[in-house]
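Starting from the two chains in their separate frames, assemble the complex, guided by the hints.
These are the residues of each chain, in order.
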Amino acid sequence: MVLKPLVIAGCLLISGAAAAQTGQVEIKDAWARATPGKAENGAAYLTIVTPAADKLVAVSSPAAKKTGLHTMTTEGGVMKMRPLDGLDVPANQPVTLKPGGIHIMLQGLNEPLQAGKSFPLTLTFEKAGERQVEVAIEKTGAMGPESHAGMRMPMPAHR
Amino acid sequence: MAQPPANPRNPPRFAIVAIVFAALLVAVAGVLLALAVRETPRGAAGTALANAIGGPFHLIDQNGKAVSDADLKGKWQLVFFGYTHCPDACPTALNEMALALEQLGEKRGEIEIVFITVDPDRDTPEVMKSYVQSFDAPIIALTGSPDAVAQAAKAYRVYYAKHPRADGDYDMDHSAVIYVMNPEGRFTATFTPDSTADAIAQRLQKLIS
Chain A
6 MVLKPLVIAG CLLISGAAAA QTGQVEIKDA WARATPGKAE NGAAYLTIVT
56 PAADKLVAVS SPAAKKTGLH TMTTEGGVMK MRPLDGLDVP ANQPVTLKPG
106 GIHIMLQGLN EPLQAGKSFP LTLTFEKAGE RQVEVAIEKT GAMGPESHAG
156 MRMPMPAHR
Chain B
76 MAQPPANPRN PPRFAIVAIV FAALLVAVAG VLLALAVRET PRGAAGTALA
126 NAIGGPFHLI DQNGKAVSDA DLKGKWQLVF FGYTHCPDAC PTALNEMALA
176 LEQLGEKRGE IEIVFITVDP DRDTPEVMKS YVQSFDAPII ALTGSPDAVA
226 QAAKAYRVYY AKHPRADGDY DMDHSAVIYV MNPEGRFTAT FTPDSTADAI
276 AQRLQKLIS
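As you go down the protein sequences, you meet chains A and B in turn.
The working numbering numbers the first residue of the first sequence as 6 and each following residue consecutively.
The working numbering numbers the first residue of the second sequence as 76 and each following residue consecutively.
Treat the hints as calculated values from the structure; they're not laboratory data.
For each residue, glycine too, the CB sits at the ideal point set by N, CA and C.
What you were told as hints is all true, and nothing was included just to trick you.
With a straight-line cut-off of 16 Å between C-alpha atoms, the simulated EDC-like cross-links for lysine to aspartate or glutamate are:
id, chain 1, residue 1, chain 2, residue 2
1, A, Lys71, B, Asp242
2, A, Lys85, B, Asp248
3, A, Lys85, B, Asp269
4, A, Lys85, B, Asp244
5, A, Lys33, A, Glu139
6, A, Lys70, B, Asp242
7, A, Lys144, B, Asp211
8, B, Lys204, A, Glu45
9, A, Lys70, B, Asp244
10, A, Lys103, B, Asp269
11, A, Lys43, B, Glu201
12, A, Lys122, A, Glu151
13, A, Lys71, B, Asp244
Footprint (simulated), chain B over chain A, 3 or more residues, beta carbon under 8 Å:
id, region
14, 39–46
15, 74–82
16, 85–92
17, 103–111
Okay, chain B solo, but in the shape it has when bound (with noise of 0.2 Å):
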């Protein structure tokens, strides 16, 4: 395995290794999502990977109020993880997620947009809410402690890490995937984040009929 440069601010070598497997485990789920996805018209639900993806976690919303994954179910969710100090993808992804909705129509009420950190020590709920408002949809922001945040990447396989700038400050580098989740709290599809609003809303509209 390579050896990351020699950096006072890098993670102990174990990080290292799950943050690659972590990185590994992404990989294989996206390819065997894209097999699952073109097979079946409804989406994964129902295959193996259903399984792998999502589960447990435990946060707090941009008002403060803890959301655990249970809280979710019962409606189609969009899961986002990025972070607000992010100023081009992150905006983008979310800003197309609120634009498929808006053309879904009635149906629009079946489905949240979770919006979960991947940078709990700057995004506070606070933070977390002020950024969310300024966006055409309402958007569960999600954050919590460092460890709850671990915990919800993990179920989800994202992988993120920080990756610190020359000026001491520092970017996150972070799986760059959105999850359709269904009412039951199944994994069902994926979205990359460059995906238009027009391609998310033909496809939730199959997924949701």
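So that you can see chain A by itself, here it is in the shape it has in the complex (with noise of 0.2 Å):
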């Protein structure tokens, strides 16, 4: 039988792809607002599931000279933006970076970020390593990803 092994391989493609989505650090709705006029930075969005407790340590995206977590705060009414070193990501609970909090800055854009058109941004896991994913780029304005365009919150996209 010619076909057997490839019925084989087929279900292992398969529940391999299962594993990737459960067995794994899986990253949801990533994505970012189109930029105003000629601004030189960028924030981008994204939820983080995992089954097992880890650590977003590093991210990267060549749609800026500098990527890095940014947190924003208000103290006694004054909001102030720093770097953030990593962030913590506890198993089987979804971690959502949103405007207004938590964002991944790109910072020096090479080019605008143009709503309609995607980058590609990599994080690194302290323990899962590193991920790649395709961020999407919506509009000024936008509250959260497409999928869910008029919407005021970011929500997870696929059911």
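Structural data, given as structure tokens:
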């Protein structure tokens, strides 16, 4: 039989893909806002789900000269943006980066982020290693990923 | 008073004192305002506080035209201080303001959005122009010399400071507040920059009616 090994290989592939979804760090709904005019900096947001506690330790993208984790806080009425060394991700609790909090800062954009386009982003986790995602660029005022355009909060896109 | 960490880029001591004082003023103003707004449905205009925020400034708009506080009178104004290198909170605030105005229907024309930079070194009129064009509402974008911007910030009790980063670049810390000024140029209410468009629109409806 020639078919049998193929079927087995196919099953292995499918189960492998399923494992990638359930057994490892998963990055969902990666999105960024189109940057206004010639703004030099942009911000990207996403949701991280991991089956085992991990830590996001680095981010990088060819879209900008520098890429890093930033947090935005308001202390005593004063807004402050500060770099973050890393982001702890607890097991099985989705961590969502969204406007007004922790964001991935793209500093010194090589070209403006234009709505409808996308760019690659690499996330490095302490344990899980590197994950690459494609970041969808939404319009300047977007508050969440495109699949929920018009809604006020970013939500998981796939059900 | 706590000594700042040694850093050659730190401002002189008097500046720190001034900044701390300014921050305190902002905090006190916020508390007073919360009380004033709660008790007067039409906002703080007419209270002592209304005189404490806002005042003379002379800046340049995104088309290179001189704009003073007097030029803005005649319309309600949403005044927000920020900077174009801010990728997160500033676009959020400007966008919510733009969306709020869309909800106001025929009253839309009675309100202007005024965006004043706290980063005059980088935010030239050209930079401001390209930045505000991306939003769904006309925005008056103001910059000027460092002194002129400092004067405007002082008038509005806005604190701002450069925060140097390890890579030699800098971010701006700045007071996070949207001021509502009435057509006489009197301070009337505030919003926090994370206010939703719906919340802003509802409050503006009440104030303007």
